[in-house]
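> Spelled out from the first residue to the last, the chains are:
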Amino acid sequence: MHKIWLIIKREFRTRVRKKSFLILTLLIPLFFAGTIIIPILIAVKGEDSKRIAVIDESKLFIGKLPDAKGIYFKPLELVKIDTFKQKYQEYGYAGVLYIPDIDINRPSGIEYYSKGRASIMLESNLNRQINDVIEKKRMEVAGIDRQKLDEVKSDIKIDFRSGDEETKGSSAVAYAVGYSSGFIIYIILMVFGMSVMRGVMEEKVSRIAEVMISSVKPFQLMMGKIVGIAGVGLLQFLIWGVLLTAIQMLLPLFLSADTVHTINQGGAMAQNANNAAMADAMEKINFIVGSINWSLLISCFIFYFLGGYLFYSALFAAVGSLVNEDPNDVQSLTFPITLPIIIGIMVMISAVQNPNSALAVWGSIIPFTSPMVMMARLPYGVPGTVAYWELALSMIFLVAGFLLTTWLAGKIYRTGILMYGKKITLKEAAKWIVRKG
Amino acid sequence: MNLLEVQHLKKYYATHKAVDDISFDIPRGSIFGLLGPNGAGRTTLLRMITGIFYPDEGNILFNGRPFNPQEDIHSIGYMPEERGLYKKMRVGEQALYLAQLKGLSEKEALEKVKHWFNKFDMNTWWNKKVEELSKGMQQKVQFISTILHNPSLLILDEPFSGLDPLNANLIKQEIFDLSKAGTTIIFSTHRMEQVEEICDRILLVNKGKKLLEGQVQEVKQTFKQHLFRIGVGVVPNFAQMATHHFTIIKQHDHAYTVKLNEDSSTNDILLHFIRQDIPVTHFEEILPTLNEIFITQVQKTEEYA
Chain S
1 MHKIWLIIKR
11 EFRTRVRKKS
21 FLILTLLIPL
31 FFAGTIIIPI
41 LIAVKGEDSK
51 RIAVIDESKL
61 FIGKLPDAKG
71 IYFKPLELVK
81 IDTFKQKYQE
91 YGYAGVLYIP
101 DIDINRPSGI
111 EYYSKGRASI
121 MLESNLNRQI
131 NDVIEKKRME
141 VAGIDRQKLD
151 EVKSDIKIDF
161 RSGDEETKGS
171 SAVAYAVGYS
181 SGFIIYIILM
191 VFGMSVMRGV
201 MEEKVSRIAE
211 VMISSVKPFQ
221 LMMGKIVGIA
231 GVGLLQFLIW
241 GVLLTAIQML
251 LPLFLSADTV
261 HTINQGGAMA
271 QNANNAAMAD
281 AMEKINFIVG
291 SINWSLLISC
301 FIFYFLGGYL
311 FYSALFAAVG
321 SLVNEDPNDV
331 QSLTFPITLP
341 IIIGIMVMIS
351 AVQNPNSALA
361 VWGSIIPFTS
371 PMVMMARLPY
381 GVPGTVAYWE
391 LALSMIFLVA
401 GFLLTTWLAG
411 KIYRTGILMY
421 GKKITLKEAA
431 KWIVRKG
Chain L
1 MNLLEVQHLK
11 KYYATHKAVD
21 DISFDIPRGS
31 IFGLLGPNGA
41 GRTTLLRMIT
51 GIFYPDEGNI
61 LFNGRPFNPQ
71 EDIHSIGYMP
81 EERGLYKKMR
91 VGEQALYLAQ
101 LKGLSEKEAL
111 EKVKHWFNKF
121 DMNTWWNKKV
131 EELSKGMQQK
141 VQFISTILHN
151 PSLLILDEPF
161 SGLDPLNANL
171 IKQEIFDLSK
181 AGTTIIFSTH
191 RMEQVEEICD
201 RILLVNKGKK
211 LLEGQVQEVK
221 QTFKQHLFRI
231 GVGVVPNFAQ
241 MATHHFTIIK
251 QHDHAYTVKL
261 NEDSSTNDIL
271 LHFIRQDIPV
281 THFEEILPTL
291 NEIFITQVQK
301 TEEYA
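One line per chain: the protein sequences are S and L, in this order.
All residue numbers in the first sequence are consecutive under our numbering, ending with 437.
All residue numbers in the second sequence are consecutive under our numbering, ending with 305.
Looking at chain S on its own, in the form it has when it is part of the complex:
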């Protein structure tokens, strides 16, 4: 036991001390944070006080375009668009909105000129306001009373309830959570599995294996490596958890308080109909996110991460022990292991759309695919979508599965790691499993 601890320590330390570990661990959350923050920054920052010149030849919009947050409309008369669009910047305008003399039944030819591309927010803002004005005008012409119309409009939202306890939930949220956790498990299996395999190959190719085996049992060496690398993974998750929390807390420093308020509540822009819908959606998401059983989900995630990792990493170790100097061997030998993982991700993608299909249920029970598929189904609810017996069976199978693969892999590993120079086929390796001693 003492020796396996020494091996775990070494495997853990050598990896954690590498510069690449630090860089990768810090860069990945920054990358994710960047993909979330930067678009928000661009979308929001694009809006700070713009003066837009309006040349309205139809005279339909005079006084009907209200200044919204950061956008000021300046109606101009007696200017020609052809000349003005060359020099609007000199007058301090961010852009020119040109409305030709249009027929309100078939409006066309409304244009907006600006130097760079207009931001999405501005685009939707302008579209909405123009449509608003035209709609009102049409109603007037058709003799429809605006107030009456508002009265008859319906705004009902159906509550989606699932499971025996009728937990409110939205399948969109379950989809997103299920898909991302299934995908993360997939990445973990591949990245850490390959890491185990490379570690074993390194020991074999550098010929330290036999030196080690004269002090420790092959099984200890293999398990020490597997556990050590699992430790690296857990540390990485821990750091990411801390970093993400920190970034969330530091977010107000990067964005103005107002913007954060906008993002968090969706309330600041609520005076606009669009934004009201957005705020509503935000509220709904908050409510639904609250409806997911996070503690169950997180503990299941850790279980399936560890279970899946242990299940596959032993197989990756066995393959690493078969590889000789020829790197081409790696591809042909890893194929039988990466194949079920890839099948797993495919079943996962189908399961997240249809979590009750037979494929999804069995995929979440069979240990080859269960870590990915079960994580895709779990957010849909336990025991609503995933029955307790399914979860229990899946967990028991996964534990039994990794005990079996570890045992099989140990048999291949201890022979493979001492075979030099010769190319070993999977058929030969399979024979080592049944061989005595």
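The hints are simulated quantities; they were obtained by calculation from the structure and are not laboratory data.
In this text the structure is predicted, and so the values were computed from the model without any measurement.
Treat the hints with care, since some could be wrong.
[Unchecked claim] Here are some chain S residues the structure puts well away from chain L; computed CB gaps all over 10 Å:
hint	residue
1	10
2	66
3	206
4	294
5	420
6	431
[Unchecked claim] To be clear about the criterion: a stretch of chain L counts as covered by chain S if any three or more of its residues have a C-beta under 8 Å from a C-beta of chain S, and this derived list gives those stretches:
hint	stretch
7	25 to 33
8	88 to 101
[Said to hold, decoys possible] Listed below are the simulated EDC-like cross-link pairs for lysine to aspartate or glutamate, each with C-alpha atoms no more than 20 Å apart in a straight line:
hint	chain 1	residue 1	chain 2	residue 2
9	S	217	L	56
10	L	17	S	90
11	L	220	L	292
12	S	423	S	326
13	S	136	S	150
14	S	422	L	81
15	S	422	L	82
All residues carry an ideal CB built from backbone N, CA and C; glycine is no exception.
Position chain L against the provided structure of chain S, taking the given hints into account.
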């Protein structure tokens, strides 16, 4: 008293018999040569003695008791033929790690490693990565990590491969010193000249079978061809050399290689030369080198096979 007794050891693979009924004893404190061509079964034999493989049949007694790999492995130092170190690891850490895996505490390990690094003048290497060292330097680190835990049995498989003559000499001297201090050493090789210089006893194996075993001098006596070299002051004529006591094998200037015929003694050879009044400058028996014995014995088994 034997440190190691190997009795009827067998290890069969699907396609061949790697070790086929081999028995031998190794007296405590001796240097034992395990000889054989490549693929003779030496590595398999050593892997059984070091507990890496379990024998299919037969017994190994270590210190008079049945070999228990779990415990006895701490009394064995094994430097395999296929050897290496973690390339990215620092030299000092690596030595400490290997010492601890041999059962030393962290403190003991540090003491031992420092002692040997001092002795081999390697202190400046401590923080270097293994891959920064030359091949010879790596071999030194490898050798030290094998003997750090004061093994009572030291097994060296081709220890001099990859070493320049200077470093080879250093290691050789260390082998003698360890032997004097009571360490029993198994020296596995196919390089005979080193065996003759280093070993007390040898075991020759081929195709998994034992060909011969014994003291180096005994073995040479057993396989001697009764050849003698005799030097002469004056080259005799053909008639002077006619005798039934010996046959001339070779003549080179003032020296003859002769083979003693049956029922004759060495003195008969000398008497013949004296009677013919040929002045003798020197006279010696030619013993076969281990290399010659090795080659003839191995070829013999190849023929039978």
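> It remains to establish, for every hint, whether it holds in the given structure.
Against the structure, the hints:
Not every C-beta of chain L lies more than 10 Å from that of residue 10/S, the closest at about 6 Å, which undercuts listing it as non-interface. The non-interface label for residue 66/S is consistent with chain L: the shortest C-beta to C-beta separation is roughly 66 Å, beyond 10 Å. The beta carbon of residue 206/S is not kept farther than 10 Å from every beta carbon of chain L, the shortest such distance being approximately 4 Å. Non-interface status of residue 294/S relative to chain L is upheld: no Cβ of that chain comes within 10 Å, the nearest being about 40 Å off.
Against chain L, the non-interface label of residue 420/S is violated: not every CB pair exceeds 10 Å, the least being about 6 Å. Annotated as non-interface, residue 431/S brings its C-beta within 10 Å of a C-beta of chain L; the closest such distance is 7 Å. With 0 residues having a Cβ less than 8 Å from any Cβ of chain S, the stretch 25 to 33 of chain L misses the three-residue criterion, and the hint is violated. Note: the stretch 88 to 101 of chain L has 6 residues with beta-carbon separation from chain S under 8 Å; the three-residue rule is met and the coverage holds.
A C-alpha spacing of about 18 Å is found between residue 217/S and residue 56/L, which places the hinted pair at or below 20 Å, so the restraint holds. For the hint linking residue 17/L to residue 90/S, the alpha-carbon distance of about 95 Å lies beyond 20 Å, and the restraint is violated. Distance restraint check for residue 220/L and residue 292/L: the Cα-Cα separation of roughly 10 Å lies within the 20 Å cut-off, and the hinted pair is therefore satisfied. Between the alpha carbons of residue 423/S and residue 326/S the distance comes to roughly 9 Å, so the proposed pair stays at or under 20 Å and holds.
Between the alpha carbons of residue 136/S and residue 150/S the distance comes to roughly 12 Å, so the proposed pair stays at or under 20 Å and holds. Straight-line distance between C-alpha atoms of residue 422/S and residue 81/L comes to about 16 Å, which keeps the hinted pair within the 20 Å bound. Among the hinted pairs, residue 422/S with residue 82/L is consistent with the structure: their alpha-carbon atoms are about 14 Å apart, no more than 20 Å.
The structure does not agree with the numbered hints 1, 3, 5, 6, 7, 10 stated previously, though it agrees with the rest.
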